[in-house]
Amino acid sequence: MPMELAFFIEVLVAGLLSGVMYSLVALGFVLIFKASGVFNFAQGAMVLFAALTFVRILEMGVNFWLAIAIALAVMIVLAIIIERVMLRPLVAQPVIILFMATIGLNYFLEGLAQGIWDSQVHGLDIGIPDVPWMSLLESTNILISLFDVWSAVICGVLVLFLAFFFQKGRIGRALRAVADDNQAAMSVGIPLQLIWAIVWATAGMVALVAGAIWGQRLGVQFSISLVALKALPVLILGGFNSIAGAIIGGLIIGASEKVAEVYLGPIIGGGIESWVAYFIAMLFLIARPQGLFGEKIIERV
Amino acid sequence: MSEPQADNIILGFDNVSISFGAVTALTQVSFEVPEHEVVAIIGPNGAGKTTALNVINGVYQPTQGTITYKGEVRQGMRPHEAAVQGIARTFQNVALFKGMNTVDNIMTGRNLKMKSNLFMQGLYWGPAQREEIAHRQAVEKIIDFLEIEPVRKTIVGRLPFGLQKRVELGRALAAEPDILLLDEPMAGMNLEEKEDMCRFVLDVNEELGTTIVLIEHDMSIVMDISDRVIVLEYGRKISEGKPDAVRNDQKVIDAYLGVPH
Chain S
24 MPMELAFFIE VLVAGLLSGV MYSLVALGFV LIFKASGVFN FAQGAMVLFA ALTFVRILEM
84 GVNFWLAIAI ALAVMIVLAI IIERVMLRPL VAQPVIILFM ATIGLNYFLE GLAQGIWDSQ
144 VHGLDIGIPD VPWMSLLEST NILISLFDVW SAVICGVLVL FLAFFFQKGR IGRALRAVAD
204 DNQAAMSVGI PLQLIWAIVW ATAGMVALVA GAIWGQRLGV QFSISLVALK ALPVLILGGF
264 NSIAGAIIGG LIIGASEKVA EVYLGPIIGG GIESWVAYFI AMLFLIARPQ GLFGEKIIER
324 V
Chain Y
29 MSEPQADNII LGFDNVSISF GAVTALTQVS FEVPEHEVVA IIGPNGAGKT TALNVINGVY
89 QPTQGTITYK GEVRQGMRPH EAAVQGIART FQNVALFKGM NTVDNIMTGR NLKMKSNLFM
149 QGLYWGPAQR EEIAHRQAVE KIIDFLEIEP VRKTIVGRLP FGLQKRVELG RALAAEPDIL
209 LLDEPMAGMN LEEKEDMCRF VLDVNEELGT TIVLIEHDMS IVMDISDRVI VLEYGRKISE
269 GKPDAVRNDQ KVIDAYLGVP H
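Chains S and Y, in that order, give the protein sequences. Just so you know, we're using the numbering used here here: the first sequence kicks off at 24 and counts up by one. Just so you know, we're using the numbering used here here: the second sequence kicks off at 29 and counts up by one.
Quick caveat, the hints were computed from the structure, so don't treat them as lab data. Any given hint could be a false lead.
Label pairs and their in silico Cβ distance ranges [claimed, not checked]: (1) S:V100 with Y:K270: 51 to 59 Å; (2) Y:E177 with S:G242: 42 to 50 Å; (3) Y:R180 with S:Q143: 45 to 53 Å; (4) Y:T94 with S:Q216: 24 to 32 Å; (5) Y:Y262 with S:Q137: 33 to 41 Å; (6) S:G242 with Y:A50: 54 to 62 Å; (7) Y:Y262 with S:V114: 27 to 35 Å; (8) Y:Q56 with S:R111: 48 to 56 Å; (9) S:L287 with Y:T182: 38 to 46 Å.
Which chain S residues face chain Y? A few, computed with CB under 8 Å, are given here [stated by the list, open to error]: (10) G84; (11) G192; (12) A197; (13) R199; (14) A200; (15) D203; (16) D204; (17) Q206; (18) A207; (19) M209; (20) S210; (21) R240; (22) G242.
The C-beta atom is built at its ideal place from N, Cα and C for all residues, glycine as well.
Assemble the whole structure, with the sequences as input and the hints as a guide.
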C-alpha cells in the first residue's frame, strides 16, 4: 500500500475510533434528554465522579472487576438519590428549571468527587496496552493503537445495546412517553420515578465507562469532566434525542477533527483540532437545526 | 331505573374539599358514581369540574373529605397508582405524546399490562417480542373500533384536533379501565365528529360495561348520553340527578343563565 494512502487511512481510522468515544459521552446526554427533555449539564461531572471513584477503589488494592462493580453500584445509588432529591420535587416543572438544577448538580458533584477522594492526578491502567497493532502494521503498514481499537469495541457494544434497549418495545416507548409529557405518562400508568432512576443510572454507567477509558488516556483528574464539552458538537450534529445520531455524529466529528488537523492544519497554521469540531457544528446548526437524525420540530399554528 | 344501591357504587366523594392556598376549588362535594353508568359533570367555567377529575385520578389530593373507590377508602394516591387500579383518563387540552405515532401512543396505554423484564426488553427477544405482538393486536382492535386506521402510523402532532381526541380515547381504552374519565371529549369538534365520539363513548359503556365520568359543555349531548348528571358551581354541588330532572332544576337554570340581582 502506498505510504500516502496508508497514512490517510491511519488518520481516518484513528479519528473514527476516538469518535466512538465521543459517541459514548454524547450518549449520556442523549439518554437523559430523551427521558426528560433536559440537557444534563452535570454529565461531565458524572464522568469525573465515576472515574475518580473507580480509580480510588482500585488504588485501595481492590480487584479490577470488583472495583468496576462497586463503582457501578455507586453510580446507581447516586442516580436514585438524584431522582429522589432533585427530580421528584420538580415533576412537571418547565424544562429550564430542571436544566438549572443540573447546573447546580454539576458543581455539587465536582466538589463531592474531589472532597471525598482528592484532586490529585491519578494514573489509571484498565489493562489495555496502548501499543500499535503489530500484525496490522506489518501487513498493511497502517499504524493503529490497540488501545483505540479495544476502547472502540467496548464503546460500540455498549452503544448498540443501549440503542436497542431504549428504542424498542415497552421501555423505549415509556421513555419517549415520559419525555413527551410527564403528566400524561403518569396517567397511563408509567412509573415516572422508576424510569428516571433507570435513565440516570444508565447515564451513570455510561459515565463510568467513558471515565475509565478517557482516564487511561488523560489520567483521572478534574479536567476529565471537560470531555463532556467534546460531546456538544456531536450532539448538535446528531440531534439531542437520537441515539443513532450520537453514534454517527461522534464518528463524523472524530474523523473530521483528525483529518482536518493533519491535512488542513498545516495550511492555516495548525492547532485546529480543538475548535474544528465546533466549527462543523456551527455550520450544521445553520443548515439543519434539528441535527442529522433529530426529531423534526412540528408546530401546529 | 332504580336509585343505585350502595354495593354497586364504584366511586364515591364524601364531603371532598380542595383548596390551593386561599382559593377553594371544591367545597364539600359529595356524589356517587354507580358502576356501568355514564355520569356527566357539568357547570359554568371555573366550577371545579376538571379539579374533580384531577382528584379522582390522583393529580390532586383532597384537603378534606374522603374518596371511596371500589369499596375502599382511598388514602393519598398518585396518578400512576390510579392507573394501576383501573382509572384511565383523557385531558381537556389533549395530552398525547405528540412526537410518537398513533400506534405507539395507544401502545403506551398497554404499558401496565406488559410484564417482560428489563433484560428481555433490552434484547427484544423471545417473550418480550411475543408480548409486544400480542399487545399490538389488542391495539389494532381499538384502532378499528375508533375508525382511525388511516392514521395508524401518523405522528399525532400532525393530526387534526378531532382525531387527536380520538387517539387519546384509544390510549385510555387500551388500559382496559374500570372507570374512564373524559375531560371535554367533544370540545372543538364539529357536529359530525361529536356524533362519532358520542357513539364511541356509548359503545364503550354498553359493550365493555366501563363506567364513564365525563365533563361536557354541549347540553344536548349531556342530556342524550348520560344516565346521571352532577352540576357544580363555584366548587359546590348545586344539583344532581337524571338529565331531565337536572334540566328543569331552577338552581341549574340560574347558574347557567344568571339571576337578576
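Here is what the structure says about each hint:
At about 57 Å, the beta-carbon gap between S:V100 and Y:K270 stays in the expected band of 51 to 59 Å. Taken as a hint, the range 42 to 50 Å is violated for the pair Y:E177 and S:G242, whose Cβ atoms sit roughly 60 Å apart. Look at Y:R180 against S:Q143: about 59 Å separates their beta carbons, and that is not inside 45 to 53 Å. At roughly 26 Å, the beta-carbon separation of Y:T94 and S:Q216 lies within the given 24 to 32 Å, and the hint holds.
For the hinted restraint 33 to 41 Å between Y:Y262 and S:Q137, the CB-CB distance of approximately 58 Å leaves it violated. Distance hint check: the CB atoms of S:G242 and Y:A50 are about 59 Å apart, consistent with the given range 54 to 62 Å. Remark: the range hint 27 to 35 Å for Y:Y262 to S:V114 is upheld by a beta-carbon distance near 29 Å. With their beta carbons about 31 Å apart, Y:Q56 and S:R111 fall outside the hinted range of 48 to 56 Å.
At roughly 45 Å, the beta carbons of S:L287 and Y:T182 sit within the given window of 38 to 46 Å. For S:G84, the suggested interface contact is broken, since its CB lies about 32 Å from the closest CB of chain Y, more than 8 Å. The interface hint given for S:G192 is met, as the beta carbon of that residue sits about 5 Å from the closest beta carbon of chain Y, less than 8 Å. A hinted interface residue such as S:A197 counts as satisfied when its beta carbon comes closer than 8 Å to some beta carbon of chain Y; here the least separation is about 6 Å, so the hint holds.
Look at S:R199: its Cβ gets to within about 6 Å of chain Y, closer than 8 Å, so that hint holds up. A cut of 8 Å between beta carbons decides the hint on S:A200: the least distance to chain Y is about 5 Å, and the hint holds. This hint holds: S:D203 has a C-beta 4 Å from the nearest C-beta of chain Y, less than the 8 Å allowed. Interface restraint check: S:D204 against chain Y, minimum CB-CB distance 5 Å, threshold 8 Å, status holds.
Below 8 Å, beta-carbon pairs count as interface contacts, and S:Q206 has one with chain Y at about 6 Å; its hint therefore holds. A hinted interface residue such as S:A207 counts as satisfied when its beta carbon comes closer than 8 Å to some beta carbon of chain Y; here the least separation is about 4 Å, so the hint holds. Contact between S:M209 and chain Y, as hinted, is supported at the beta carbon level, the nearest pair being about 4 Å apart and thus within 8 Å. Here the hint on S:S210 is kept, as its CB sits about 5 Å from the closest CB of chain Y, short of 8 Å.
The beta carbon of S:R240 comes no nearer than 29 Å to any beta carbon in chain Y, farther than 8 Å, and the hint placing it at the interface is violated. The beta carbon of S:G242 comes no nearer than 33 Å to any beta carbon in chain Y, farther than 8 Å, and the hint placing it at the interface is violated.
Figure legend: structure checked against the earlier numbered hints; hints not met, in rising order: 2, 3, 5, 8, 10, 21, 22.
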